[in-house]
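K.L.:
Chains D and V: place on chain R using the hints.
Each chain, letter by letter, is given below.
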Amino acid sequence: MDMVAGKVKMTQQSVNSAMNPTDMLERPIRLTAKDVTVHYGQKQALHGISIQIPDRAVTSFIGPSGCGKSTFLRCINRMNDTIEGAKVGGTIKLDGEDIYDPALDVVELRARIGMVFQKPNPFPKSIYENVAYGPKIHGLARSKTDLDEIVVSSLRKAGLFEEVKDRLNEPGTGLSGGQQQRLCIARAIAVGPEVILMDEPCSALDPIATAIIEELIDELRENYTIVIVTHSMQQAARVSQKTAFFHLGNLIEEGVTEDIFTNPVSKQTQDYIMGRIG
Amino acid sequence: MNALIVAALLLVLLGVAYQSGWSRSRNLVTAEGVKVHSRPQYHGSYVAIWAMLPALVILGLWAWFGGGITHNYTVSQIPQDTLLALDQVQLNATVSRINAIASGYGIAGEIQPFEQSAGDALRSFQMLTFLGMLLAAAVAGGAALLYARSRVTARLRARNAVERFVNIALLACSAVAILTTVGIVASLVTEAYKFFTFINPLDFFFGTVWNPNNAGTAGNWGSYGLLPLLVGTLMITAIAMLVAVPVGLMAAIYLSQYAPRQLRAVAKPLIEILAGIPTIVFGFFALVTVGPFLRDVGGFFGLSINATSALTAGVVMGIMIIPFVSSLSDDILNQVPRTLRDGAYGLGATKSETIRNVLLPAALPGIVGAFLLAVSRAVGETMIVVLAAGNSPVLRGNPFEPVATITVSIVNQLTGDTDFAGPQSLVGFALGLTLFVITLCLNVVALYIVRRFREQYE
Amino acid sequence: MTDTLSNTHSASLERTKLIRAGLRRRHMSEAIFRGLGLAAIILALGFVALLFTDVFRKGIPAFTQSNLHLAVTFDPTVIDVGPAPARADFTSEAEYNAASLKWQRDVALLNWNTIIEQSMRAAAPAGYEIDTRALLTIPETDARHRVRAMFVENPALLGQTVDVDVLASANATNWIKGNINRDLSDAQQQLSPQARTLIDTFEANGTVSNGFAWSIFTNVDSRAAPASAGLLGAFVGTLWMMLIVVILAVPIGVAAAVYLEEFAPKSRLTDFIEVNINNLAAVPSIVFGLLGAAAFINYMHLPISAPIVGGLVLTLMTLPTIIIATRGALLGVSPALRQAALGMGASKTQMVFHHVLPVTFPSILTATILGVAHALGETAPLLLIGMKAFVASVPTTPFDQATALPVQIYLWQGNENRNFFEPRTAAAIMVLLAVMILLNGVAIYLRSRLEKRA
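Chains as they are written, first to last, in our numbering: chain R, 34 to 311; chain D, 4 to 461; chain V, 130 to 583.
Okay, chain R solo, but in the shape it has when bound (with noise of 0.2 angstroms):
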């Protein structure tokens, strides 16, 4: 990373010129987590987690690894249901709605809340497959030319359809790393999420598709409410308006981005980010 600095830097400029902090916290909250606690068996990972995530912008998960920012993120689409022997505690509400609620279906909550993996997992199908399959199983589209438009709309919404567009039945795994997580954005999108999680989404890249996903991720905040968890403060500070800081399963600071890296209030985070932790 350090050795594409100016890269970095050149981007960072362009992108984080959007928003201003007292514009972001007059933001409405979409989701609301109170004491979240996450289990594996006898070990517990996350200790009581409360945090508010504002509509519209980026927020970021920012902590050494194993702080359990992932294990948090996975609570909120309730990705963990899928491990065996993990157990989530706490409420997390989206629009005021207990997502633990079992009343709730899950599966109307993850095409709610969209998801992007750390690393790039387009199915073994063809590029089209691939974004039409979220619509295709929730039933989307009316028909074969409404599907073909959520597809081209999704690829153009992350940026891909310009590279993509002669050969769309293609299979997507053949796609670069940084066009194959672009590709996962779109598929996420295809399916019309309010919210989209992103679990260090740029740590398999290099840095040039890198700053592409982070200047997507911006474009993306007007219409989305996007969590993004990273190992880099700087990335955290480039895309996100609001981040939290996690360690050893604690929430240990959470505001405005510039606030935390100019002005931590926790020695703890103050250590994180001068590089003494983690």
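Read the hints as simulated data drawn from the structure, not as lab findings. Remember, it's a predicted structure, so these values are computed and weren't measured experimentally. Incorrect hints may appear among the rest.
Said to hold, decoys possible - Short derived list, chain D residues pointing at chain R, Cβ under 8 angstroms: (1) Arg264; (2) Leu266; (3) Ala268; (4) Tyr348; (5) Gly349; (6) Leu350; (7) Gly351; (8) Glu356; (9) Asn360; (10) Pro364; (11) Ala365.
Claimed, not checked - Below are the SDA-like pairs computed for lysine to any residue, each with C-alpha atoms no more than 20 angstroms apart in a straight line: (12) R:Lys76 to R:Ser98; (13) D:Lys38 to V:Gly474; (14) R:Lys169 to V:Gly474.
The beta-carbon is built from N, C-alpha and C at its ideal position, and this holds for glycine as well.
P.N.:
Same frame as chain R, now just chains D and V:
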């Protein structure tokens, strides 16, 4: 008794050789005070290997040729005129009588004078040759021991020599696998070739009638058409796969994706018990339980199902293959990276949608490979078919009727018969060759597919 | 901005509605799919359960057998033979042997059935009318051999009356246990009406009783006296073969695996060996039988029907399994251990034999036991090397004629007296399964023990 003496001799030789190498090496260290290349154990092993090899070669030669030499000696002790009067069976009887006399036990009936004298002569001959062989082995071993011992010096790279020997021995062991394949191919091909000198290959591979004349002579061998057997084999295999694939695959999916850990811990080994049950047991089960059950069920619906039929054998074979399919599929499903599943879940796909649309397509090549291995196993399965398929080598397509398969006919034509003179028994090898080629192709393709699949996700 | 905002909001409401509309159907298909999976598991487990209960239900009754308690009188008028020769009367061993053989032959030629008949009539109600043939269908035909053997053993029994337990014949056992339908007409019954009534009388007066069928474990196979047929010969035959497999397959297999995994240079040859081994593991077992028949018996002239050939064939069959399992175990040894050993100045051979092999010992042991257990149940290749010949003796060396447990099962299931041999076959299967389960259990136990210690 003799075996014990030989073993004792070898053990003594081994011990003495090792000890002498070891002690000489120790003396080198203490006496000369120089740096010795190898440790005493290696010098001991070095001398022991040198001593054992010639002794073993001599004993091996004797084991190989000794029986024939003794037999010839025994025959030579029978007076010429008596010998001429004996046919082969009588000769063998006489030889075994002489052997019995030589071994010191009484025999029934009158002992003829020539038998007595031949027996006595044989006894001393056996004693002499045995002692001679022992002596030769001991002398050769001892000489080699002394030679090797004289070579034990501080600079001798005994460890390297011993390790080279170990290396060669290990290589020889791996070569057994190749030798086995060579042996299989050679015996199948030569005997099948002999068969094809009796029967035209075209009549064999494309014949539609299987009716070997087991008492036949030249010109009246009977018909050896492969097709009825091939059709029977394929029919049973197809039925088996119809049972095994859905059940095995769904069981694997349920166990790997749905089942709580406790259930998996119990169910998986229980299903694998099926894989450990000998096929003869399945055959018995098919014959006495499944067959009559299917017949009754068929009768209930007005179908005429034979108790021993392609259906019975196929169903039971399918049951036998379930654990094979399920454990292979389980392995392969587990190879599909978790991230793919997460991707589908993250889009809001249900579990079954994830499995059907993402997991299975991704695992498809591997699963196809697993199925081919299962097919190969079904094609080569013998005992279930021998017991429960009814053994009726007639070309027909009704699975409710008895059929015969390639394996059944091998067993029928070849049990206990070593007089491979006519096509009646030789056809077993032609069938075996066909079976071997079919399964080999299936295995090679299947293993290739599975290997490619594994590499894709590594 | 506002436009897009309201637009997306209504769009998202619309989408949610669409998604909800499909949810019922999707959850239904989820439930069906899951149900199918569960059904498959239940079906598979059901087959295991069915097979075991079926075999047990049929086999357990065969472990009891009907015996006749007879008071046998060694009647001197029937046993009309001179005294047994004594060693002291003869000058040479050979002469004594010959005389003794002659005496035994004379004894054998006596009509021992008369002795049995007399004792049977003594046990029957006085004056019960039954002809000799029908009467002698009740005890097993080996009863006379047993009584004769008692006399040969102890000629002093002449004139005495001794209590002897003899086995009831197979047909009598069928009648007593209800293996045959008692309501069948006389023509379909194996025993005459007089014999059947007599058996019932015997049961009432205690002459007949059921006991544990030790003969299954202590006797060899028998055709003439099916009720006395046992597994001892087959069991010993199997033991010989297992011994050969263990002696040959284990060292060769482990050595081959060690060579391929640790020493072999990556070359065409080793690739070929590897492909070869994988294929051999999937070659049908019957093909190994063909190899045995052609190579070992026809070409090398090893004895037919002998455990040595069976053992060799099973060894070749088991080798690939052991090699593959051992290689897997060796592959699992951490590179750190290897580097540590090499770093101490050990040679490669020393590293493998002193450090790597001991660590993999539990896995190799388990794989070996499982491979041997698998070989134990093989039938087809043994049929081709003549091991289905009827053998009524216990093989004392691996070169003697013998049969094996699974082959014995095959032979028994083909016996014409189905009523008697079906349960007995099931009993033999139970013995075979017990041996296999025992081996598997030992493998699992040893692995868990050794792994805990390591």
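K.L.:
Check whether the Cα positions of R:Lys76 and R:Ser98 lie no farther apart than 20 angstroms.
P.N.:
holds (16 angstroms)
K.L.:
Closer than 8 angstroms between Cβ atoms is the bar; does D:Ala268 clear it against chain R? Give me holds or violated.
P.N.:
Constraint on D:Ala268 not satisfied, violated at 12 angstroms.
K.L.:
Hint check: is the beta carbon of D:Gly351 less than 8 angstroms from a beta carbon of chain R?
P.N.:
holds (4 angstroms)
K.L.:
Hold the hint about D:Gly349 up to the distance rule: shortest CB distance to chain R must be less than 8 angstroms.
P.N.:
Holds - the Cβ of D:Gly349 comes within 8 angstroms of chain R, reaching about 3 angstroms at its closest.
K.L.:
Holds or violated: is there a CB of chain R closer than 8 angstroms to the CB of D:Pro364?
P.N.:
holds (6 angstroms)
K.L.:
Close enough to count: is the Cβ of D:Glu356 nearer than 8 angstroms to one in chain R?
P.N.:
Cβ of D:Glu356 sits 5 angstroms from chain R, so the hint holds.
K.L.:
For the hint on D:Leu266, does the least C-beta distance to chain R fall short of 8 angstroms?
P.N.:
violated (12 angstroms)
K.L.:
Under 8 angstroms, Cβ to Cβ, is where D:Arg264 needs to be relative to chain R, so tell me if that hint holds or is violated.
P.N.:
D:Arg264 check passes; min Cβ-Cβ to chain R is 6 angstroms, inside 8 angstroms.
K.L.:
For the hint on D:Tyr348, just tell me whether its beta-carbon gets within less than 8 angstroms of chain R.
P.N.:
holds (6 angstroms)
K.L.:
Starting from D:Lys38, check that the Cα of V:Gly474 is at most 20 angstroms away, please.
P.N.:
Within the cut-off at roughly 17 angstroms; holds.
K.L.:
Does D:Ala365 hold up as a contact with chain R if the rule is Cβ-Cβ below 8 angstroms?
P.N.:
holds (5 angstroms)
K.L.:
Next item in the hint list is D:Asn360. Is there a CB on chain R closer than 8 angstroms to its CB?
P.N.:
holds (7 angstroms)
Checked against the numbered hints listed earlier, the structure breaks hints 2, 3, 14; every other hint is satisfied.
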